[in-house]
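There are 2 protein chains.
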Amino acid sequence: MNNFVFHNPTKIIFGKGTISEIGKEIKNVAIKKVLLLYGGGSIKKNGVYDTVVESLKDNGIEWVEVSGVVPNPVLSKVHEGVEIAKEENVGAILAVGGGSVIDSGKAIAAGFYYDGDIWDAYIEKYTITKALPLFVVLTLSATGSEMNGNSVITNEKTKQKFAVRGAVYPTVSIIDPSAQFSLPKAQVVYGAVDIITHVLENYFDHTKDTEIQDRISESLVRTVMNNTEKILQNPTDYEARAQFAWCGTLALNGLTAAGKSGGDWASHRIEHSLSALYGIAHGAGLAIISPAWMKYVYKEYLEKFVRFAEKIFGIIEGNDEEKVLKGIESLKEWYKKIGAPVSLKDANIPKEDIEKIVENVCMLKLPLGNIKKLYKDDIREILKIAAD
Amino acid sequence: MNNFVFHNPTKIIFGKGTISEIGKEIKNVAIKKVLLLYGGGSIKKNGVYDTVVESLKDNGIEWVEVSGVVPNPVLSKVHEGVEIAKEENVGAILAVGGGSVIDSGKAIAAGFYYDGDIWDAYIEKYTITKALPLFVVLTLSATGSEMNGNSVITNEKTKQKFAVRGAVYPTVSIIDPSAQFSLPKAQVVYGAVDIITHVLENYFDHTKDTEIQDRISESLVRTVMNNTEKILQNPTDYEARAQFAWCGTLALNGLTAAGKSGGDWASHRIEHSLSALYGIAHGAGLAIISPAWMKYVYKEYLEKFVRFAEKIFGIIEGNDEEKVLKGIESLKEWYKKIGAPVSLKDANIPKEDIEKIVENVCMLKLPLGNIKKLYKDDIREILKIAAD
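Listed in order, the protein sequences are those of chains A and B.
So the first sequence is residues 1 to 388, counted in the numbering used here.
So the second sequence is residues 1001 to 1388, counted in the numbering used here.
Don't read these hints as lab results, they were simulated from the structure.
Careful: at least some of the hints might be erroneous.
[Stated by the list, open to error] Calculated cross-link-like contacts (lysine-lysine; reagent style DSSO-like; alpha-carbon spacing at most 27 Å): (1) K1208(B) with K304(A); (2) K130(A) with K1011(B); (3) K1011(B) with K208(A); (4) K1032(B) with K16(A); (5) K1032(B) with K208(A); (6) K57(A) with K44(A); (7) K208(A) with K1208(B); (8) K230(A) with K1024(B); (9) K230(A) with K1304(B); (10) K304(A) with K373(A); (11) K1311(B) with K230(A); (12) K304(A) with K1230(B); (13) K1032(B) with K311(A); (14) K1027(B) with K11(A); (15) K304(A) with K1311(B); (16) K208(A) with K1230(B); (17) K16(A) with K1208(B); (18) K32(A) with K1372(B); (19) K11(A) with K1130(B); (20) K130(A) with K1304(B); (21) K326(A) with K1311(B); (22) K1024(B) with K311(A); (23) K130(A) with K1027(B); (24) K27(A) with K1011(B); (25) K45(A) with K33(A); (26) K1032(B) with K130(A).
[Said to hold, decoys possible] A few chain A residues facing chain B, derived, Cβ under 7 Å: (27) M1; (28) F4; (29) I13; (30) S219; (31) T223; (32) M225; (33) Q243; (34) C247; (35) I315.
For each residue, glycine too, the CB sits at the ideal point set by N, CA and C.
The following block holds chain A by itself, in its conformation from the complex (with noise of 0.2 Å):
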């Protein structure tokens, strides 16, 4: 195990009917003025925007709002945050969403501080010093984002979607599972497959003796798993709804990859070009490339692919090879099942652009990866093995 430093301050208020609880939790650290962060309006529909409007104003809290918050939150909208943050001067961003939400959220709380574009983060020519406290209502649950100080924006001038990583941390972040009950399957399904690369990101590392580390990876991929089956056929299963919910907090909260070495990344950061290239989402394309990057890579790292297959999905039988590659496909097959695409072709990508979007994978540092440094011949390589 490598030595680490695990801090995580972020307040986790979990459970049905707790969203009431925001105007009080902002009101307790004297905030008097948010920006309310939304996006495409589901929150309208669902009861969770006037549960927080009226939450705010029983509190005193003032508010004005930017809403329009897209998948692969674009840097235009981060943009507008920031100058109506500083024209209205609030003391707080309250996002009240998903992952695209959160993280555009903590995009704006920094870029508030900073003068000048809050892009320059992310493509590592400012660090983020400080930032406004965010607080978040969450109602999907997939990035992780409301327990980490990780964003990604999309750049939509450049087509680059990029990250920070440990920079803001939520204040304080309300998961009521139950707010969940009316997505649409598909942000299921793609957030099952999100939540279960994060774990992945982490298992999949160099370091040697993380024994509860891996223990606890393997715990959230079956739980999520076994949970998500549940959801697909009572979407308002709420005690599935709250393992889903509560799997996808810690899978990337700092727990599973503590000691390790960085974990892989490799697959996020190749899917990161096919939602920004086609607008598909994040959880779609990890569905695509995942179980490739795992087929091109596994003989760097035999043992761990073999703990996989054996202790995820039970695979007992044949040679250490044979075992990884039935683990692979298990886990393709049962990307399948629940409705995801596991090709390029499944996502109506022709296999015509490959070279197009490693060009767009290239404009990253390379090489990606650590199972196996990955170069621009490795990445289409990887592409190729997604395409059908």
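We have chain A; now place chain B onto it with these hints.
Positioned in the frame of chain A, the structure of chain B alone reads:
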């Protein structure tokens, strides 16, 4: 799953060679003088003391010392610490040691701001609202006190061993597993029992639909067992020490309790009378009481005890009751194997004392526990099961 709040702000600095960072961490929050609290002086033999004071000097931090904190730490030492902290007007407490030192540090940190006797907090006459910052250098993994707000103190006049919970979280805790290389074997053994029992206290909880919490709990118990055996074979096995230490922290930092109903804790509360009356190690007392408690209560929650037997000890044969009894026996056998006492007799506590122990336990507000509400007669029965 129940609603819950998870908020653990402690910063953990984990790994080899990290103790020398303590001075910088204290300086970072502009504290100029600390009360350095420690136990019987083992830290002077293993080099930890020297590393700590050198780091304090390097960072220009003054200190005043209070030493002689004993296992099952006593109130009189807390009083001494509070008095000196006030006289010297320190800005923080620096606890260097195991759970006894940390728990005493928490009491002193809170006592600094309380005009009455801080024991009032332990007998629920005062709720802690303010405390000095507490810094920790951990030298013995067992209680998890390095990453929670709990403190257990023995009032040697009244023979009461009482706890406060969720009150004073360390600001920073440094965990260097190699500082534990020189621990006596017994402290490893009792640490293991303590950690495992912490997990089981929350595991045996009536809340349903806690799949991820249960899987994480099972992972912690298995990992502690595996690594305890490695440490007993090779006390300087860094990787085993690291797994053991991190599991000890995770076992009682809120993770396994989140969404449950508070766990059972009857074993702990009964045990406190053994260590209060006989001065035995807390872990020794738990190895005696916890399996006896399990035998007495398992019928109240058969399915969970079956899961315990199956998932932790891999017991798949027999009917439910047979599995459970075999599971409990396996735990006892493992405790015996590593050298813990598993009966009052093993700890030289005469059967004739049972009534005296019962009377001591019954100074607590009854009933104890949740799986089965325990009254005086129940406690007597558990002690009889534990007798030999």
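Evaluated hints:
With a C-alpha separation of about 33 Å, the suggested pair K1208(B) and K304(A) falls outside the 27 Å cut-off, and the hint is violated. Taken as a hint, the K130(A) and K1011(B) pair is honoured in the structure, with Cα atoms around 19 Å apart against an allowance of 27 Å. Simply put, K1011(B) and K208(A) have alpha-carbon atoms about 24 Å apart, close enough for the 27 Å limit, and the pair holds. A threshold of 27 Å between alpha carbons decides the hint, and for K1032(B) with K16(A) the separation of about 45 Å lies outside it, so the pair is violated.
This hinted pair does not check out: K1032(B) and K208(A) have alpha carbons roughly 40 Å apart, beyond 27 Å. Between the alpha carbons of K57(A) and K44(A) the distance comes to roughly 17 Å, so the proposed pair stays at or under 27 Å and holds. Note on K208(A) and K1208(B): the hinted pairing is violated, with a Cα-Cα distance of about 35 Å set against a maximum of 27 Å. For the hint linking K230(A) to K1024(B), the alpha-carbon distance of about 49 Å lies beyond 27 Å, and the restraint is violated.
Proposed proximity of K230(A) and K1304(B) is supported: the alpha carbons are some 21 Å apart, at most 27 Å. Using a Cα cut-off of 27 Å, the hinted pair K304(A) and K373(A) holds, with the two alpha carbons roughly 17 Å apart. Between K1311(B) and K230(A) the CA atoms are separated by roughly 22 Å; this keeps the pair inside 27 Å, and the hint holds. With a C-alpha separation of about 21 Å, the suggested pair K304(A) and K1230(B) falls inside the 27 Å cut-off, and the hint holds.
For a cut-off of 27 Å, the pair hint linking K1032(B) to K311(A) is broken: about 50 Å separates their Cα positions. About 26 Å separates the Cα atoms of K1027(B) and K11(A), which keeps this hinted pair within 27 Å; it holds. Distance restraint check for K304(A) and K1311(B): the Cα-Cα separation of roughly 22 Å lies within the 27 Å cut-off, and the hinted pair is therefore satisfied. Of the pairs offered as hints, the one joining K208(A) and K1230(B) holds, with about 15 Å between alpha carbons and a cut-off of 27 Å not exceeded.
With a C-alpha separation of about 15 Å, the suggested pair K16(A) and K1208(B) falls inside the 27 Å cut-off, and the hint holds. Proximity of K32(A) to K1372(B) is assessed by CA-CA distance (about 48 Å); at most 27 Å being required, the pair is judged violated. Of the supplied pair hints, the one linking K11(A) and K1130(B) holds, its CA atoms being roughly 19 Å apart against a limit of 27 Å. Distance restraint check for K130(A) and K1304(B): the Cα-Cα separation of roughly 47 Å exceeds the 27 Å cut-off, and the hinted pair is therefore not satisfied.
At roughly 24 Å between alpha-carbon atoms, K326(A) and K1311(B) fall within 27 Å of each other, so this suggested pair holds. In summary, the hint linking K1024(B) to K311(A) is not supported, as the alpha carbons are separated by about 42 Å, beyond the 27 Å threshold. Restraint check for K130(A) and K1027(B): the C-alpha separation of about 20 Å stays at or below 27 Å, so the hint holds. Restraint check for K27(A) and K1011(B): satisfied, since their Cα atoms lie roughly 26 Å apart, inside the 27 Å limit.
Between K45(A) and K33(A) the CA atoms are separated by roughly 24 Å; this keeps the pair inside 27 Å, and the hint holds. Our distance criterion of 27 Å between C-alpha atoms is met by K1032(B) and K130(A), whose separation comes to about 25 Å. The restraint placing M1(A) at the interface with chain B holds, with a minimum CB-CB distance near 5 Å, inside the 7 Å limit. With a least beta-carbon distance of about 5 Å to chain B, the hint placing F4(A) at the interface is held under the 7 Å criterion.
Hint on I13(A) holds. Least Cβ distance to chain B is approximately 5 Å, under the 7 Å limit. Evaluation of the S219(A) hint against chain B yields a held restraint, the C-beta minimum of about 3 Å falling below 7 Å. The beta carbon of T223(A) is positioned within 7 Å of a beta carbon in chain B (closest approach about 4 Å), and the interface hint is therefore held. Taken as an interface hint, M225(A) does not check out: its beta carbon lies about 11 Å from the nearest beta carbon of chain B, beyond 7 Å.
A cut of 7 Å between beta carbons decides the hint on Q243(A): the least distance to chain B is about 5 Å, and the hint holds. A cut of 7 Å between beta carbons decides the hint on C247(A): the least distance to chain B is about 5 Å, and the hint holds. The beta carbon of I315(A) comes no nearer than 18 Å to any beta carbon in chain B, farther than 7 Å, and the hint placing it at the interface is violated.
Consistency with the previously given hints fails for numbers 1, 4, 5, 7, 8, 13, 18, 20, 22, 32, 35, ordered from lowest to highest.
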